[in-house]
Amino acid sequence: MNILFFIRCFNGIVLREALRFIHQRERFFSALVRPLVWLGIFAAGFRSVLGVAIIPPYETYITYEVYIAPGLIAMIQLFNGMQSSLSMVYDREMGSMKTMLVSPVPRWFLILSKLLAGVLVSILQVYAFLLIASFWNIVPPISGYVTLLPALLFSGLMLGALGMFLSSAIKQLENFAGVMNFVIFPMFFASSALYPLWKIEETSEWLYYVCLYNPFTYAVEILRFSLYSEFNIEYSLGVIIFSIIFLTLAILGYDPSRGSIQKKGG
Amino acid sequence: MNFLLKINIILIALCFSVFSKVSHANKAFITNEKDNTVSVLDVKKMKVIDTVKVGQRPRGIIISNDGKLVLICASDDDRVEVRDVETMKLKYILPSGPDPELMVLSPDDSVLYIANEDDAMVTVVDMADKMIIDDIPVGVEPEGMGLTNNGKVLVNTSETTNMAHFISTDNLEIFENVLVDQRPRVAMFTPDDSEVWVSAEIGGTVKVINPEDRKVSHTISFEIPGVNEESIQPVGVRHTKDGKFTFVALGPANRVAVIDQKTKEIIKYLLVGQRVWQMHLTPDEKTLISTNGVSNDVSFIDVEKLKVTKSVKVGRFPWGVAITPN
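If you're matching them up, the sequences are chains Z and X in order. For the first sequence, counting from 1, position 217 maps to 217 in this note's numbering; every step adds exactly one. For the second sequence, counting from 1, position 62 maps to 62 in this note's numbering; every step adds exactly one.
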C-alpha cells in the first residue's frame, strides 16, 4: 500500500461525509439554530443577572453574549462530533459499515479519517455561526478568526473521538440517543461554557472541580483564548491529552480483535 | 578613542532626551477616593506607573491649561492640593470651602472656581495670590462646573436644588437659574460654547441648554436592554472637539453612552466597569478614559472604533480623571 492509497481512502471518507452534509441541509441549519437560540434567548435573559469580571483572555468587561460565544462554538463541535458518531451506529445497523471496514487500510486510519471529515464539517458550521453572531456584536479581532482554526481542529478531534468511542460501545441507534442525553448535557452544563469557573467556585466547590476537570471546559477555553489570538498552554495540553485518550479508546473500541465492536458483531 | 567616546556621550544624551519626552507624554491622573491616593497612568501603555499619597478623600482633579500643575480636591481636608505634573510633589495648598468636589480653571490659569459640596458656595481663588477672592452663594450641594472658552460664563449645578446656575465671571453673580432634573452632577459646554449639557443622576437624563436664552433645547433619556431604569444614572459628560460625539457616563448602569453631538441620538452603549462616573479625553481625542468607582478600575475607550479596549485596576473607588494636555 502506498501513500496514494491512503489519500484516496481519506478523500473517499471526507467526500462521503461532505455529501451527507450537503444532502442533509436541515442538519446544517439545526446545528446553527441551536447555538443561536442560546445566544438570542438564553443570553438575553441572563444579560443583567450575571456580571462577567475581567478574566483572561479578555482585557475589559464583556457582555454575557460575548462570554458564552466560545462555549456555543464548542457546543456546535460537541453536537457535530456526537452526530457524526451517531452515523457510525446507523452505518453499522444498515450494514454499510462493513463496506468501509473491509478496506485494506488500517482500522485506525479509517477512524481518524472519519473523525477529520466530521471536524471539517463542524468548522464550516462554526464559521457560519460566527458570521451570524457578529450581528450580536460578537466580533473578535480579525486575527482571531485565523487563530481559531487550529484550536477548532484540536477541540473537534477531541470531541469527535469521544463520540466515536461512545459509538463503539453502543449496539443500537436507540441507545445512542440516551447516551447523548447523559453525555452532552452534563458535559455542556458542568463546564465553563455558560458560567466562568470563578462564579461556579463561589457557589459550590465540588461542582467547581467537576467543571475544572471536565474535558469540555478545556475545549471551550482553548477556543476562547484562540478567538482572541492568545495561546494557553494548560488548556492546550489538556485538549491534546484528552484527544489521545479518547482516540485510543475509540481505536481500541473498533478493533475487531479486542474491542466491543467484535462482541456486538459489528 | 576620544572621538568614539564623544559619539557615545552624544548618543546617550540623545536617548535620554527622547525617552524623557516620551515618558512625559500623556499621563492620566486618577483620584482614588477611598485610598487617599492618585494613580498615575501611562496612557499609551495603559499601565499604572506610579501611585502617590495625597490628601484625604481626593475627588475632582484637573490639570492647569499650561500643563504644569495637577490640582486635586482633597474633600475631607477642605483644601485643594497643587502638585507638579512631572514629579507629583506638593507645591502648595489652595484654600477652599468645606468639602470641595469639582473645580475649573479660567483659560489663562489665573482664577480657580471650586464647588464646595457642604456649604452651598462656589469659591473663587486667585491663583497668583493663592487667596480666596469671593464666595458665590449657589444652590444646595454644588458640584458640576462648566466654563465657556472665553471664561466669561460659569455654570454650576447644585445637586439638591436641582438647578444649573449661570454665573457671570465679570461680577461673580448668578444671572440665571435653570431648573433641571433631579441631582444634576456635571455641566459641560460644547466646544463651540453653543450648548451646555447638564447630567441629572437621579433624573436619569441629560438636559441640553442654550446659553443664549438659557432654555432647554433637548432632554436626552437613556434605555439599555437588560438594565433597569433606576441603574441608569448619568454623571460625567465629555464632548469631542470635532463636534461628532458626546460621551455620558451612566453610573451603576456600567455603560458609557455615545451620543451624536448634533442630532442628540444615542449611537451606542459601551460596557465599562462598575459605577462609571467621570471621564476624560486624551488631547488627540483618540482615547477616552472612564473611572469605574465600584470595580476599582479605569476603562480605556477607543474613540475611533467606539470600543472598550482595556480596563486597568487602580486604587479603591477611583473618582476623577485628568489627562496631561501634551
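Hints were generated in silico from the structure; no laboratory data involved. There could be a bad hint or two in this list.
[Stated by the list, open to error] Here are the computed lysine-lysine pairs in the DSSO-like style, where the Cα-Cα straight-line distance is at most 27 Å:
(1) X:Lys244 to Z:Lys199
(2) X:Lys244 to X:Lys268
(3) X:Lys262 to X:Lys313
(4) X:Lys89 to X:Lys152
(5) Z:Lys199 to X:Lys130
(6) X:Lys215 to X:Lys44
(7) Z:Lys199 to X:Lys307
As the structure is a computational prediction, the values presented were derived from the model and not from experiment.
Structure-based check of all given hints:
The straight-line distance between the Cα atoms of Lys244 of chain X and Lys199 of chain Z is roughly 40 Å, outside the 27 Å bound, and the hint therefore fails. Annotation: proposed proximity of Lys244 of chain X to Lys268 of chain X holds, straight-line Cα distance about 13 Å (limit 27 Å). For the hint pairing Lys262 of chain X with Lys313 of chain X, the CA-to-CA distance comes to about 34 Å; that exceeds 27 Å, so the pair is violated. Restraint check for Lys89 of chain X and Lys152 of chain X: the C-alpha separation of about 32 Å exceeds 27 Å, so the hint is violated.
Among the hinted pairs, Lys199 of chain Z with Lys130 of chain X is inconsistent with the structure: their alpha-carbon atoms are about 52 Å apart, more than 27 Å. Proposed proximity of Lys215 of chain X and Lys44 of chain X is contradicted: the alpha carbons are some 41 Å apart, above 27 Å. Under the criterion of a C-alpha separation no larger than 27 Å, the hint pairing Lys199 of chain Z with Lys307 of chain X is consistent with the structure, at around 26 Å.
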